[in-house]
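The residues making up each chain are set out below.
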Amino acid sequence: MQNLKVIAQGARYRGGNPMWSWLLHRVTGVGMVLFVVAHIAASFLTQRFGSGAGMAINAVYESPAFQLVMYFCVIYHALNGVRVIILDARPSLMRFQHEALWLQWLTFAPIYALAVLLIVLRAMSGE
Amino acid sequence: MRSTHPRRPRITLDMAMWVFTRVSGAAIVVIALVGFFGAMLMGARTQMDLPTLLRWTFFPNPNHVVNSNIPDVAVGWSGLFWQTLQILIVVFGATHGINGLRAVLEDHFRGPRIQPAIRAVLFVFWLAVMAIAIAVVLAD
Ligand code: HEM
Ligand code: HEM
Numbered sequence: 139m140q141n142l143k144v145i146a147q148g149a150r151y152r153g154g155n156p157m158w159s160w161l162l163h164r165v166t167g168v169g170m171v172l173f174v175v176a177h178i179a180a181s182f183l184t185q186r187f188g189s190g191a192g193m194a195i196n197a198v199y200e201s202p203a204f205q206l207v208m209y210f211c212v213i214y215h216a217l218n219g220v221r222v223i224i225l226d227a228r229p230s231l232m233r234f235q236h237e238a239l240w241l242q243w244l245t246f247a248p249i250y251a252l253a254v255l256l257i258v259l260r261a262m263s264g265e
Numbered sequence: 007m008r009s010t011h012p013r014r015p016r017i018t019l020d021m022a023m024w025v026f027t028r029v030s031g032a033a034i035v036v037i038a039l040v041g042f043f044g045a046m047l048m049g050a051r052t053q054m055d056l057p058t059l060l061r062w063t064f065f066p067n068p069n070h071v072v073n074s075n076i077p078d079v080a081v082g083w084s085g086l087f088w089q090t091l092q093i094l095i096v097v098f099g100a101t102h103g104i105n106g107l108r109a110v111l112e113d114h115f116r117g118p119r120i121q122p123a124i125r126a127v128l129f130v131f132w133l134a135v136m137a138i139a140i141a142v143v144l145a146d
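Line order of the protein sequences matches chains A and B.
Position one of the first sequence corresponds to residue 139 (our numbering), numbered consecutively onward.
Position one of the second sequence corresponds to residue 7 (our numbering), numbered consecutively onward.
The shape of chain A in the complex, shown without the other chains:
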């Protein structure tokens, strides 16, 4: 409930794009942490005990839907993180922050589009 209120307040805050970028950065960051931890646990269980738990987790992330989400998280978080680092290091560049956001999405689009294309093609070929 509290969280919903915070999100509602954030959504009303008229920060424009940077505010949504921040929320997305947060969501993709937490998404990656959860995946990486589950994945490391699975690889450990498989390697040491040959346990089925590792295989079960593998099955989840081999699904195309999961891959579409994961690649979005990794590519978005990395590019947005680089933008944040550069602007924090050189505050004088802040006057170009809108240009920076455009540049970020222009970089993101072709990379993610290629990933989506390859994941979808592979899913359709039934491999």
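Rather than coming from a laboratory, the hints here were simulated on the basis of the structure.
These numbers were taken from a predicted model, which means no experiment stands behind them.
Quick reminder that beta carbons are idealized off the backbone N, C-alpha and C, glycines included.
Hints are all accurate, no fakes.
Here are a few chain B residues that sit away from chain A, every Cβ distance over 10 angstroms (derived from the structure):
1) Pro-12
2) Asp-20
3) Met-21
4) Val-40
5) Gly-44
6) Gln-53
7) Pro-77
8) Ala-80
9) Phe-87
10) Thr-90
11) Glu-112
12) Ile-120
13) Pro-122
14) Ala-123
Covered stretches of chain B (chain A as the covering partner; in silico rule of three or more C-beta atoms under 8 angstroms from a C-beta of chain A):
15) 26-37
16) 133-139
For the chain B half of the interface with chain A, some residues (derived, Cβ under 7 angstroms), not all of them:
17) Leu-56
18) Gly-103
19) Gly-106
20) Leu-107
21) Val-142
Here the structure of chain A is known, so what remains is to put chain B with the ligands in place on it, guided by the hints.
Using the frame of chain A, we list chain B with the ligands on its own:
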């Protein structure tokens, strides 16, 4: 002798981690680029698909490329150099990510008693994740 200089500003955990988050973010990008170009030099372009390449880029582990057209991952795709990079990325990544989790949790759950509890749990969690990941990497 009594010290007379003004009290130095205390460096809080949040300040230190603000810097670390930026340094480690940049470090992860650099390590990823080494993995990416290393893979390209070893022939990734004709030997694997994009998902496989991306997996290797962010974690240069031989298990990430076994199901590709590489004739033998024991040649070039494993060994001390890649193990070192994997350990570096695990240490940077786990610290960056779990500290990020701390920032998110502490934003949502406030209160004098909850904060130390979050920190204690995440600290143990952080050590465990790193220990397990490094054990797996070294055993390969
Ligand atoms: C602790 C060491 C790790 C081991 C032993 C390991 C092992 C594996 C294995 C065996 C697979 C399945 C390969 C296949 O189906 O061909 C896999 C998939 C994957 N791993 Fe890891 N992994 C480790 C750490 C990581 C880390 C730290 C990341 C990300 C930062 C990562 C990202 C991925 C992704 C995104 C996939 C698969 C998605 C796909 O099927 O395309 N792994 N890993
Ligand atoms: C690819 C390289 C990466 C870069 C350049 C990067 C950059 C950043 C930066 C600059 C921040 C601070 C954002 C802020 O203060 O508003 C951040 C936060 C965060 N990152 Fe990353 N990161 C990277 C990889 C990762 C990985 C692999 C994970 C997960 C394992 C991760 C998880 C997080 C989390 C959970 C936060 C906290 C989000 C928040 O407090 O809103 N990051 N990252």
